[in-house]
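Colleague: Below, each chain spelled out in residue letters.
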Amino acid sequence: MHPHISRRAFLKLCGGTAAYLGLSQAWVPRIALALEQAAKRPPVVWLSLMACSGCLESFAKSVNPSTAEILLGIISLNYQETIMAAAGKDAEANLQATIEEGGYIVIAEGAVATGIPEALMIAGKTSIDYTREATSNAAAVVAIGTCATYGGVQAMKPNPTGAKGVSDALGIETVNIPGCPPNPDTIVSTIVHYLLFGKLPELDGKGRPTFAFSQKVHDNCERRAHFDSGQYVEEFGSEEEAKGYCLYKMGCKGPETHSPCPLTLWNSKQNWCVGSGNPCIGCMEPEFWDKFAGFYERLPDVPVPGFVGVKTSADYIGSTLVTATVAGVGIHAIASAASGRMKGKPESEEGSED
Amino acid sequence: MSDRIAVKQRHWVYIMLHWLIGGMIIVLAVTGFYIHKPFFTLGSETDPVMVMSWIRWTHFICAAILIESVLIRLEMAFFSHFDADWRDIGPSRKSLKALPEALSYFLFLRKDHRYWRKANPVMAVFVFPLMLLFYAIAILTGFALFEGTFFWELTNTNSLFSWVYDVFGGQQGVRTWHYYLIWVFACLALIHVYFALLRTLSERDRTFRSILNGWRLVPRKHAPIRGASGRKKRGK
Chain A
1 MHPHISRRAF LKLCGGTAAY LGLSQAWVPR IALALEQAAK RPPVVWLSLM ACSGCLESFA
61 KSVNPSTAEI LLGIISLNYQ ETIMAAAGKD AEANLQATIE EGGYIVIAEG AVATGIPEAL
121 MIAGKTSIDY TREATSNAAA VVAIGTCATY GGVQAMKPNP TGAKGVSDAL GIETVNIPGC
181 PPNPDTIVST IVHYLLFGKL PELDGKGRPT FAFSQKVHDN CERRAHFDSG QYVEEFGSEE
241 EAKGYCLYKM GCKGPETHSP CPLTLWNSKQ NWCVGSGNPC IGCMEPEFWD KFAGFYERLP
301 DVPVPGFVGV KTSADYIGST LVTATVAGVG IHAIASAASG RMKGKPESEE GSED
Chain B
355 MSDRIAVKQR HWVYIMLHWL IGGMIIVLAV TGFYIHKPFF TLGSETDPVM VMSWIRWTHF
415 ICAAILIESV LIRLEMAFFS HFDADWRDIG PSRKSLKALP EALSYFLFLR KDHRYWRKAN
475 PVMAVFVFPL MLLFYAIAIL TGFALFEGTF FWELTNTNSL FSWVYDVFGG QQGVRTWHYY
535 LIWVFACLAL IHVYFALLRT LSERDRTFRS ILNGWRLVPR KHAPIRGASG RKKRGK
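For the protein sequence lines, the chains are A and B, in the order given.
Here our numbering is used: position 320 in the first sequence is 320, and no number is missing along the way.
Take any residue in the second sequence, note its place counting from 1, add 354, and you have its number in our numbering.
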């Protein structure tokens, strides 16, 4: 236990973690015990792959526990390019030592370049080799951020670098904590879950911990009551937006996004995107960069089958279909009338054909 | 007049199912469009009516009725004791045999066609199977989108229908496909109503009325022969 953390603050941390993991408060002493007994704090290797370091930024904004508490009290961060003290050969030697020792947790940030392997070189190795080596002896691999989980914005079509998530690129099982950036609470809770129970939390079909990702933004949104009452923001900067009306018509992807955002909030638990009046863009969903853009439309444009690179709205495709049908039926009706069919058959011909 | 007689061709259950399915599709299309683009609100700002909640509630209830109706209609088409009519309204040897003639009739290549007991072969071979396909898409994507504890834990991302998201291209793909259904069913309904109208006008056999009261004018030689008990003895 780091001397700078008071007992009270430490127990608060444990209480918060218990709540987030969905455990009763009776678990708080056991969480405290697990964290205290992790005298040999779990070594963590943080891989920075094709990413913007935004995940680290988000992690650094963590409160309850604060970043200092995490780094000094909960984990032993053996390798992190941005904040480690060592540099050059020392840093790589540190990494090698950790790998040889085994039993460490890998936190991967950023996508792996599979199309152009040389697009990302770390210590003279391609990102595939580097990631494979670093995860080879790991106890668990936690992919954080949408890049490390599903490829991220650099995987947007046509994806020249072949950016893929760690799980897809290496064919290994990872815990996926998506988000652009991911929520620090989820990362820390996953690690604490591992320390407490000796195993990873329950995951869903996309590798996401169910304690955080089983519900959608829409389910817990503070603007949800306005959705149900049919009160919607019609334009940005309007009075309705300030009043907290629903952003559904502004293209909010909250109904499509599995995320704990409305519960955990961001920026030291002050606010979040929808709270500030911006629709959710669904940054925690796979392929949000392709499928959810333009972000301010309810149903963004879709590719037209048969026309590569052409995108148009679903409304346009649908109304074209209906127009074509109306035209076809209309032409046939006119032709039928012209041929005299609409007048009915002469009685004598009734039933003559079989 | 004498070579045609009025025959009670549709049982009231079929008539009811027809209107249930048609009515539910209309209600689902309208409520679905509202959910896609909420175009009106009710009540004041301080005392709002929960429009979206009610519209979604209606959508879910009507979806359940539609599913039930389609399943019952399908079951009756194959296993009904009094009118198992899948050969008349689905792709069967009977309807496929009549198809070339029907196509050339609708393309004005011939003047007349054999007697069609219910839907014409074009409907039976193409339109009704397409409708079934789109019912399947509607039901699958609808259940995938449905959130709530209904029969299964549908809020869970590992729910019974989570695979639908992989088939239709994720959250957005499922929504887009579910939205296309409004337009697709508009097209299919248009074709269906047009064919019925065409038959009513060209045959003058009370086709429009028959979907209300069940009676249609049928050539005498195709009319079922009835015994003393009034029960049908042979022929379709």
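The hints are simulated quantities; they were obtained by calculation from the structure and are not laboratory data.
Built from N, CA and C at the ideal position, the CB exists for glycine as well.
Hints may contain errors.
Sample of chain A residues at the chain B side, in silico, Cβ under 8 Å [to be verified]:
(1) Gly162
(2) Asp228
(3) Pro286
(4) Lys291
(5) Tyr296
(6) Glu297
(7) Ser319
(8) Leu321
(9) Val322
(10) Ile331
(11) Ile334
(12) Ser336
(13) Gly344
Taking CB as the label site, the calculated pair distances span [claimed, not checked]:
(14) A:Glu101 with B:Ala490: 23 to 33 Å
(15) A:Ile331 with B:Pro454: 37 to 47 Å
(16) B:Leu484 with A:Arg30: 34 to 44 Å
(17) A:Val310 with B:Lys391: 15 to 25 Å
(18) B:Phe462 with A:Pro158: 45 to 55 Å
(19) B:Val384 with A:Gly330: 34 to 44 Å
(20) B:Leu463 with A:Gly309: 25 to 35 Å
(21) B:Lys391 with A:Gly330: 53 to 63 Å
(22) B:Val547 with A:Ser313: 42 to 52 Å
(23) B:Arg447 with A:Glu235: 38 to 48 Å
Colleague: Compare the structure with each hint and give your call.
Modeller: Checked hints:
| no. | hint | verdict |
| --- | --- | --- |
| 1 | Gly162 | 20 Å, violated |
| 2 | Asp228 | 4 Å, holds |
| 3 | Pro286 | 6 Å, holds |
| 4 | Lys291 | 4 Å, holds |
| 5 | Tyr296 | 14 Å, violated |
| 6 | Glu297 | 11 Å, violated |
| 7 | Ser319 | 7 Å, holds |
| 8 | Leu321 | 5 Å, holds |
| 9 | Val322 | 5 Å, holds |
| 10 | Ile331 | 11 Å, violated |
| 11 | Ile334 | 12 Å, violated |
| 12 | Ser336 | 6 Å, holds |
| 13 | Gly344 | 4 Å, holds |
| 14 | A:Glu101 with B:Ala490: 23 to 33 Å | 55 Å, violated |
| 15 | A:Ile331 with B:Pro454: 37 to 47 Å | 22 Å, violated |
| 16 | B:Leu484 with A:Arg30: 34 to 44 Å | 59 Å, violated |
| 17 | A:Val310 with B:Lys391: 15 to 25 Å | 24 Å, holds |
| 18 | B:Phe462 with A:Pro158: 45 to 55 Å | 48 Å, holds |
| 19 | B:Val384 with A:Gly330: 34 to 44 Å | 24 Å, violated |
| 20 | B:Leu463 with A:Gly309: 25 to 35 Å | 41 Å, violated |
| 21 | B:Lys391 with A:Gly330: 53 to 63 Å | 27 Å, violated |
| 22 | B:Val547 with A:Ser313: 42 to 52 Å | 27 Å, violated |
| 23 | B:Arg447 with A:Glu235: 38 to 48 Å | 60 Å, violated |
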